[in-house]
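Trainee: Below, each chain spelled out in residue letters.
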Amino acid sequence: MSWQLRASDLPDLARGATLLGTGGGGDPYIGRMLAERVLGDRAITVLDPDDLADEAFVIPTAQMGAPTVMVEKIPAGTEPTLALRTLEEHLGRKADATMPIECGGINSMIPLIVAAETGLPVVDADGMGRAFPELYMETFAVYGVHGSPLAIAGERGERVVIDTGDDDRQMEWLARGITIRLGGVAHIAEYAMTGAEVKRTAVPRTLSMALSLGRSMRLAREEHRSPFDAIALTLAGTQYAHVRELFVGKVTDVERRTTDGFAKGRAVISGTGDGEDFEIEFQNENLIARRGGEVVAIVPDLVCVVDHESAEPITTEGLRYGQRVRVLGISTPEMMRTPEALEAFGPSSFGLKEDFAPVEGAAVALRP
Amino acid sequence: MHIGIDVGGTNTDAVLMEGTRAIEGVKHSTTPDVTSGIVQAIEDLRARHPFQDTQIDAVMIGTTHFINALVQANRLAPTAALRLGLPATKALPPLVDWPEALSSAIQGRSYLAHGGYEFDGRPISPLDPEELRKHAADMKSNGIRSVAVSSVFSPVNHDLEVETGRILADELGPEVAISLSHEIGRIGLLERENATIINAALRELASEIVDGLTAAVRAEGISAPIFLSQNDGTLMDEDYVRLYPVATFASGPTNSMRGAAVTSGLATCAVVDIGGTTTDIGLLINGFPRETANEVKVAGIRTNFRMPDVLSIGIGGGSIVDPVSGEVGPESVGYRLTTEALVFGGSTLTATDIAVAAGRADIGDPSKVAHLDPDFIRRVLDRIAERISEAVDRMRTSPDPIPVVAVGGGSVLLPDRLPLFGTVHRPENYAVANAIGASIAQVGGEIDKVFAVEPGHREETLAQVRAEASDKAVAAGAKPSTVMIVDFDEVPLPYLPGNATRIRVKAVGDLDMGA
Chain A
1 MSWQLRASDL
11 PDLARGATLL
21 GTGGGGDPYI
31 GRMLAERVLG
41 DRAITVLDPD
51 DLADEAFVIP
61 TAQMGAPTVM
71 VEKIPAGTEP
81 TLALRTLEEH
91 LGRKADATMP
101 IECGGINSMI
111 PLIVAAETGL
121 PVVDADGMGR
131 AFPELYMETF
141 AVYGVHGSPL
151 AIAGERGERV
161 VIDTGDDDRQ
171 MEWLARGITI
181 RLGGVAHIAE
191 YAMTGAEVKR
201 TAVPRTLSMA
211 LSLGRSMRLA
221 REEHRSPFDA
231 IALTLAGTQY
241 AHVRELFVGK
251 VTDVERRTTD
261 GFAKGRAVIS
271 GTGDGEDFEI
281 EFQNENLIAR
291 RGGEVVAIVP
301 DLVCVVDHES
311 AEPITTEGLR
321 YGQRVRVLGI
331 STPEMMRTPE
341 ALEAFGPSSF
351 GLKEDFAPVE
361 GAAVALRP
Chain B
1001 MHIGIDVGGT
1011 NTDAVLMEGT
1021 RAIEGVKHST
1031 TPDVTSGIVQ
1041 AIEDLRARHP
1051 FQDTQIDAVM
1061 IGTTHFINAL
1071 VQANRLAPTA
1081 ALRLGLPATK
1091 ALPPLVDWPE
1101 ALSSAIQGRS
1111 YLAHGGYEFD
1121 GRPISPLDPE
1131 ELRKHAADMK
1141 SNGIRSVAVS
1151 SVFSPVNHDL
1161 EVETGRILAD
1171 ELGPEVAISL
1181 SHEIGRIGLL
1191 ERENATIINA
1201 ALRELASEIV
1211 DGLTAAVRAE
1221 GISAPIFLSQ
1231 NDGTLMDEDY
1241 VRLYPVATFA
1251 SGPTNSMRGA
1261 AVTSGLATCA
1271 VVDIGGTTTD
1281 IGLLINGFPR
1291 ETANEVKVAG
1301 IRTNFRMPDV
1311 LSIGIGGGSI
1321 VDPVSGEVGP
1331 ESVGYRLTTE
1341 ALVFGGSTLT
1351 ATDIAVAAGR
1361 ADIGDPSKVA
1371 HLDPDFIRRV
1381 LDRIAERISE
1391 AVDRMRTSPD
1401 PIPVVAVGGG
1411 SVLLPDRLPL
1421 FGTVHRPENY
1431 AVANAIGASI
1441 AQVGGEIDKV
1451 FAVEPGHREE
1461 TLAQVRAEAS
1471 DKAVAAGAKP
1481 STVMIVDFDE
1491 VPLPYLPGNA
1501 TRIRVKAVGD
1511 LDMGA
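In order, the protein sequences belong to chains A and B. Residues 1 to 368 (the numbering used here) make up the first sequence, in order. Residues 1001 to 1515 (the numbering used here) make up the second sequence, in order.
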């Protein structure tokens, strides 16, 4: 079912997208403000993939860069649509719709800015099903749609088109280099594809799922129900059905460094009782969670740090010493766990030695 | 002995303390000049428990002046916000997320200029002194009296903020105050900028208030050092407040919660502090105020302070009551309570009049409210209880029962039992809990330096910085056994060689007063 999205939906969507950002993807607050300013009291049409014509032409839009830069260097505002127009010009074909490449974090919002500015609809799907740090980590690429040509735009009106053919890793490498030169944040249009290809390669209905998650968490808090139950209930009927509580404790150490355009680091969370420590490693997003040295959740499954009472998601850049948190593990759809998907965005693509193990096998279910 | 004073919008409370024990407590109306209210409070204390000026080791003052000024959008200086970062950041200019009422209360003007840094220390664009002078001229012609300067990535490199401050000062003269964002907040441009704008809007009021406070204490012949309490419950000296009034912002809730913990003996409870202008509700968990998790909104403005999570609603003893609908607040007569309230011969119906008419408080002349309809009185009190009960309910995060502790002079407005929560606890000295909280002060030690962290030696470096901060707190007078790290922040500076990292650590402990 296609639906209309309004500015009043954005706070709930931002909350849900932050949870799906699994610690990264950038704080959608700024993206939300940008979308609110452009949208005003108009509405955006969100197209269900089933309602998309097979021959429709879709150009996804996004922001790329380090989350620590995004909270400091706000865009000029012209970049996302400039990237879309540049790719249209390069391909000689106008887009019928835009789409997120990533439903977690700020990239749930960037296509909305483009949609509000251009009047194009947004497809309710994405290529990551969460947030990932690199452009080739896409179900689109895994199932045969490639990112090139990619258009990249900067705040001074700079435009670059990158075409690496089928080599999405090389596309990422070059785009990352340009993004660093542009100051650590840039806006892109890539993975241009047909409606038929969207239906075959995208993770469906993730935008509406982010909105439902954000809304159910807010309603639970307003009505004094457990927001954790609300998360589990909302996800129960989706492809993200398994939610696990991995740890409860206090953040006792956060180590970060900005390397090669990524915010890398680790957080240590200490329990209140038995003294067992919990450690999370991140590269923009949380990658792996270990309790007492043992792996309890690993990429591509979601590792989400949230406030221990309100369940408000906390991004890696928002992590601070002394916060009381809960860590949730959430299972990802089967299409993200196939051998070819794991090759693109499984543990080994982040340099982790551990094999993927589904989170539903790791810990007891969250409040049955 | 030491004296704790809490200057609220309506009342000034003072306590004479021996360690953490209150010897005597008094309550007085806040006066428009601040000074005479404090003078009267100290004189009252002296009358009830005589002391020599030399017996006083310190005077600790907590004030809600600054937060009240912001919440009521009152007495704020005409303020400009200038951001360095063009051509970036144009999509969301300064003041973009401020409530309309507040940005017009500060006659806020927003300016964008070239400058700022990339994350790695490269300039985004060079500073343009001519552009800054043009903005300064526009500020001047619009009567701007205080300026907030922010710059992209100033926590990494602040030299352009400093340079801009100098150029603006040259153009605008010494009477215009300038606040620089790197001195006030951390990474996160909009939040740091917002805190800086709030600080700028409060600078004039800060000088006025500090002058008043100092004059009042000195007029009483007390020469002991004067401290003001900050958001985190630690003390700062008067000169610091003139420059950074925003640091006192949440001291009211922190003081009332710490005071409530000491006087009620409850470590986990909801604290309802009803003052003259607002009711502040916070949660005390194991003796510490619950802090906000991610964003902190102050008067609807997003900032990134670490603050107790407090919900403020506009109900207090000085709140104006609509004689027809019975709605209470948010407007308050504030310190004019003793002239404007009916029981004091005035003509404004306030919440205090309702409390007196209901027999819950014994102040002023009860005959002046004898004409009020008992049904109307009950309706107003029920509505107050209902709204406060709702607010406490919003603050708790589980339906489990939690004891409610009422403090503050306005807490007579609350019934003995609250819907949903049962018995309301009223500790001894409940009326002056804020002053007690201010007086059981903590002192802090802060380290904010750039360290070259050698690979594999991070733990060592951090342990050393933590120890330095703790030593500094002890040197400032903290009891060593009570010192703990309350804030820690680490910003990598990738443009400097040798893994340079800016590390900020704050340690606090109880002030050792030998009691």
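Keep in mind that the hints are not guaranteed to be accurate.
Restraint ranges, calculated between C-beta atoms of paired labels, are given here [said to hold, decoys possible]:
1) A:Asp-167 with B:Ile-1285: 50 to 56 angstroms
2) B:His-1457 with A:Gly-292: 21 to 27 angstroms
3) A:Asp-229 with B:Glu-1175: 53 to 59 angstroms
4) B:Ile-1485 with A:Ser-310: 21 to 27 angstroms
5) A:Lys-250 with B:Gly-1345: 20 to 26 angstroms
6) A:Ser-310 with B:Ala-1215: 54 to 60 angstroms
7) B:Ile-1285 with A:Thr-45: 42 to 48 angstroms
8) B:Lys-1134 with A:Gly-92: 20 to 26 angstroms
9) B:Pro-1419 with A:Ser-310: 52 to 58 angstroms
10) B:Ile-1485 with A:Lys-199: 49 to 55 angstroms
11) A:Thr-45 with B:Met-1484: 49 to 55 angstroms
Each computed PhoX-like pair below joins lysine-lysine, with the alpha-carbon atoms no more than 25 angstroms apart [stated by the list, open to error]:
12) A:Lys-264 with B:Lys-1449
13) B:Lys-1368 with B:Lys-1297
14) A:Lys-94 with A:Lys-199
15) A:Lys-250 with B:Lys-1134
16) B:Lys-1090 with B:Lys-1027
17) B:Lys-1297 with B:Lys-1027
Covered stretches of chain B (in silico footprint by chain A; criterion: 3 or more residues with CB under 8 angstroms from a CB of chain A, positions within the stretch not fixed) [as the list claims (entries may be wrong)]:
18) 1110-1124
19) 1134-1148
20) 1424-1431
No lab work stands behind these hints: they were computed from the structure. Where a beta carbon is used, it is the ideal one built from N, C-alpha and C, also for glycine.
Trainee: A separate judgement is required for each hint: does it hold in the structure or not?
Mentor: We went through each hint and held it up to the structure:
The supplied range of 50 to 56 angstroms is met by A:Asp-167 and B:Ile-1285, whose beta-carbon atoms lie about 53 angstroms from each other. In this structure the supplied range 21 to 27 angstroms holds for B:His-1457 paired with A:Gly-292, their Cβ-Cβ distance being about 25 angstroms. Between A:Asp-229 and B:Glu-1175 the Cβ separation comes to about 58 angstroms, which falls inside the hinted range of 53 to 59 angstroms. One distance hint, 21 to 27 angstroms for the beta-carbon pair B:Ile-1485 and A:Ser-310, holds here, with the actual separation near 24 angstroms.
A:Lys-250 and B:Gly-1345 have their C-beta atoms about 55 angstroms apart, which leaves the hinted 20 to 26 angstroms range violated. A hinted range of 54 to 60 angstroms is violated for the C-beta pair A:Ser-310 and B:Ala-1215, which are about 45 angstroms apart. Distance hint check: the CB atoms of B:Ile-1285 and A:Thr-45 are about 46 angstroms apart, consistent with the given range 42 to 48 angstroms. Against the hinted window of 20 to 26 angstroms, the Cβ-Cβ separation of B:Lys-1134 and A:Gly-92 comes to about 44 angstroms, which falls outside the hint.
Distance hint check: the CB atoms of B:Pro-1419 and A:Ser-310 are about 23 angstroms apart, inconsistent with the given range 52 to 58 angstroms. Checked against the hint of 49 to 55 angstroms, the pair B:Ile-1485 and A:Lys-199 passes, with Cβ atoms roughly 53 angstroms apart. Roughly 54 angstroms separates the CB atoms of A:Thr-45 and B:Met-1484, a value that falls within the hinted 49 to 55 angstroms. Restraint check for A:Lys-264 and B:Lys-1449: the C-alpha separation of about 22 angstroms stays at or below 25 angstroms, so the hint holds.
As the CA atoms of B:Lys-1368 and B:Lys-1297 are separated by approximately 41 angstroms, the hinted pair breaks the 25 angstroms bound. With a C-alpha separation of about 20 angstroms, the suggested pair A:Lys-94 and A:Lys-199 falls inside the 25 angstroms cut-off, and the hint holds. Taken as a hint, the A:Lys-250 and B:Lys-1134 pair is broken in the structure, with Cα atoms around 50 angstroms apart against an allowance of 25 angstroms. As the CA atoms of B:Lys-1090 and B:Lys-1027 are separated by approximately 50 angstroms, the hinted pair breaks the 25 angstroms bound.
As the CA atoms of B:Lys-1297 and B:Lys-1027 are separated by approximately 31 angstroms, the hinted pair breaks the 25 angstroms bound. Evaluation of the coverage hint for the stretch 1110-1124 of chain B: fulfilled, as 6 residues show C-beta separations to chain A shorter than 8 angstroms, against a requirement of three. Counting residues of the stretch 1134-1148 of chain B whose beta carbon lies closer than 8 angstroms to any beta carbon of chain A gives 0, which falls below the threshold of three, so the coverage claim is violated. Counting residues of the stretch 1424-1431 of chain B whose CB falls under 8 angstroms from any CB of chain A gives 0; the rule of at least 3 is not met.
Hint compliance for this structure: hints 5, 6, 8, 9, 13, 15, 16, 17, 19 and 20 are broken, all remaining hints hold.
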